[in-house]
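Enquirer: Chains as they are written, first to last, in my numbering: chain A, 1 to 486; chain B, 1 to 206.
Simulated from the structure, these hints should not be mistaken for lab results.
Accuracy of the hints is not assured; some may be wrong.
[As the list claims (entries may be wrong)] In silico DSBU-like pairs for lysine-lysine, Cα to Cα no more than 30 angstroms straight-line: (1) A:Lys-431 <-> A:Lys-364; (2) B:Lys-83 <-> A:Lys-161; (3) B:Lys-180 <-> A:Lys-36; (4) B:Lys-174 <-> A:Lys-36.
[To be verified] Sample of chain A residues with no beta-carbon within 12 angstroms of chain B, all distances over it, derived: (5) Met-103; (6) Arg-105; (7) Leu-133; (8) Asp-194; (9) Leu-397; (10) Tyr-408; (11) Val-452; (12) His-480.
[What the hints assert, rightly or not] Label pairs and their in silico Cβ distance ranges: (13) A:Asp-449 <-> B:Lys-180: 29 to 39 angstroms; (14) B:Arg-85 <-> A:Asp-33: 41 to 51 angstroms; (15) A:Gly-354 <-> B:Leu-167: 52 to 62 angstroms; (16) B:Val-145 <-> A:Val-38: 49 to 59 angstroms; (17) B:Val-66 <-> A:Val-291: 41 to 51 angstroms; (18) A:Arg-150 <-> B:Gly-116: 52 to 62 angstroms.
Glycine included, each C-beta is placed from N, C-alpha and C at the ideal position.
Here is what each chain is made of, one letter per residue.
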Amino acid sequence: MEFSITDLMPAAADIFLLCAVSVILIIDLFVSDQRKIVTYGLTQAALLITAIIAARSIGTEPVSAFSGMFVGDALGYFLKTGVCLTVMVGLAYSRAYLAPRGMYRGEYFVLAMLAVLGMMVMISANHFLVLYLGVELLGLSLYSMVALARDSARSTEGAMKYFVLGALASGMLLYGMSMIYGATGSLGIPEIADAVQQGNANSTILKFGLVFVVAGIGFKFGAAPFHMWVPDVYHGAPTAVTLLIGTAPKLAAFAFAMRLLVEALGAEQLVVEWRQMLVLLSVASLVIGNVAAIAQTNLKRMLAYSTISHMGFLLLGVLSGTLEGYGAAMFYVCVYVLMGLGAFGMILLMSRDGFEAEELDDLKGLNQRNPWYAFVMLLIMFSMAGVPPTIGFWAKLYVLQAVVSIGYVWLAVVAAAFSLIGAFYYLRVVKLMYFDEPQRDERIEPGFDCRVLMSANGLAVLALGMMPGLLLAVCVSAIHLSVRLP
Amino acid sequence: MNFEASVFYFFSAILVIAALRVITARNPVHSALFLVLAFFTAAALWLLLEAEFLAIVLVLVYVGAVMVLFLFVIMMLDLNLEKLREGYWDYLLPSLIVAGVMVVEMAVILGGRYFGLAAMPHPPAAGADYSNTKALGRLLYTEYVYAFEIAAVILLVAIVAAIALTLRSQKKNKYQAAYKQIAVRRSDRVRLVSMPGEERDRGDAP
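Just chain A, same shape as in the assembly:
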């Protein structure tokens, strides 16, 4: 086999990140506990450079590398850039939170970077084996990060649940993949697509495998009825880790679903099958997410159920099976990540040494304590509820348009109705912040970087809502460049 170093160029971002992780892991040994800011700075620099390398390739035609195991396309590079930037912002928010809890350690940053690497592997996988390895790399890093608060029984329990259910999901996924391998005789995504297209695969086995693959995807998204882990893990994990679990991995999960469902199993006869399954997942997520969130008194649990309902919306875009629908779903996942960063970031900013601001009551009277953060939180809550002119409104609108375009009007009506129910608990947060008396009165004084980032995050929700066409155009063109409909 001929080999030249240029074959590796499509994977330059991943390779750089892996080298950086290895170097930082060793440098960290020589950094004393008081100077962990060195490790933190190096981590941020490594992620920034990775993001830049990935961003430089957006807009290229799809290329494959590593004998067809890796694909570099616009969709992948865009999502990789997004993952790196998301984790950078997330780490910046969590710096002040980690130190008093004994988690401001080199391992935290190394594991976070390895999780990013896992997401990047998932995003650019062109082979079932690599997809699975990416899922495991991401999963194992996250399980151990949840358990990193070793003395907290709640975190350990959350990590255990996450680990067991994650293993169950991996099992389902592998079982489905093995069925598909049995039916098509291949693990490479393009080869599977060809075999399905030519109709020389046993369709019963194929559909059987598809059911398990969809269940695995449901687990990774946290869509109902595979959502059991989400509230417990979000609640149990240290908030900084919740932020990481709740944001960037959704980008990777979207790419994961695209690679599996659209690129490998996107043939006409299978789209009909998985569309029905996704309709079920989506409606169940919308119902459970929005209704159960009303009953929560804990902000992290409420956001967990809100995540479930958002994943229901995201699946609406995927199940449409059109390029516009995929574009809308990608737009939705980007918007969701932006909002999730803001919401979890706000919990981190309000937390103090020995105090977690994670109950809804802790938000009471935020307007009197700090009007600007109350306003930022208001923007984020409005956006999550889908109130115009924030960006959340457009995200929901585009997804619903995609569903209507394939004739599922009833589904759009159900989704709109449940997002209306969901608006209740988002607006309750706003009511608590503006119309209730504060229960605590110490000042909220985050560092300079957090202040700037949080303000930018809140304003981005508003500004992108004023001109949603820009981000949507990027998403749609990335999908057009990357996905070939059969």
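Starting from the structure of chain A, add chain B where the hints point.
Expert: Showing chain B alone in chain A's frame:
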């Protein structure tokens, strides 16, 4: 019955007996040693299938490393044998049923038209100079190098996570920091307190 088949039955019989003894031996050390025997005969069966690399790896990794570790653990731990054997007869019937179902399932699959002897003919024997170690290595380091490297990274995650989760900080360790001892000053150790002098009560003095 030709030579190959008789060798197969010979090793299979040892394998089955050893596997049975693993669960019936009263002494856990004997169980572990029978497991070693089972692995060893399984390796011999793989050799019969011309999978010499897998056979050698099985011996090196499982017998050489995993089982030795296992034996160490068994010998180090103070096992309560009576407690371990509790409920043996209660579990026997359900486990026999499960085993019976598995045997039937295997018979159905292997006897069926997809995996029967007719559907799976004996592959042609490889030449004398064929090395499947080389073939495996060539595949792993060319076509599957990406997956191979990611698997290595997953092991790295395992190492980092295991250390991060179990290594307690050195606060409990008692060690002398010589530089701190040298740098110590009088004011760090001795505190001079001025107190008012006390009058001695002369009346009680002897």
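Enquirer: A separate judgement is required for each hint: does it hold in the structure or not?
Expert: So, going through the hints one by one against the coordinates:
no.: 1; hint: A:Lys-431 <-> A:Lys-364; verdict: 8 angstroms, holds
no.: 2; hint: B:Lys-83 <-> A:Lys-161; verdict: 29 angstroms, holds
no.: 3; hint: B:Lys-180 <-> A:Lys-36; verdict: 22 angstroms, holds
no.: 4; hint: B:Lys-174 <-> A:Lys-36; verdict: 24 angstroms, holds
no.: 5; hint: Met-103; verdict: 10 angstroms, violated
no.: 6; hint: Arg-105; verdict: 7 angstroms, violated
no.: 7; hint: Leu-133; verdict: 4 angstroms, violated
no.: 8; hint: Asp-194; verdict: 18 angstroms, holds
no.: 9; hint: Leu-397; verdict: 39 angstroms, holds
no.: 10; hint: Tyr-408; verdict: 38 angstroms, holds
no.: 11; hint: Val-452; verdict: 31 angstroms, holds
no.: 12; hint: His-480; verdict: 27 angstroms, holds
no.: 13; hint: A:Asp-449 <-> B:Lys-180: 29 to 39 angstroms; verdict: 35 angstroms, holds
no.: 14; hint: B:Arg-85 <-> A:Asp-33: 41 to 51 angstroms; verdict: 49 angstroms, holds
no.: 15; hint: A:Gly-354 <-> B:Leu-167: 52 to 62 angstroms; verdict: 24 angstroms, violated
no.: 16; hint: B:Val-145 <-> A:Val-38: 49 to 59 angstroms; verdict: 33 angstroms, violated
no.: 17; hint: B:Val-66 <-> A:Val-291: 41 to 51 angstroms; verdict: 50 angstroms, holds
no.: 18; hint: A:Arg-150 <-> B:Gly-116: 52 to 62 angstroms; verdict: 54 angstroms, holds
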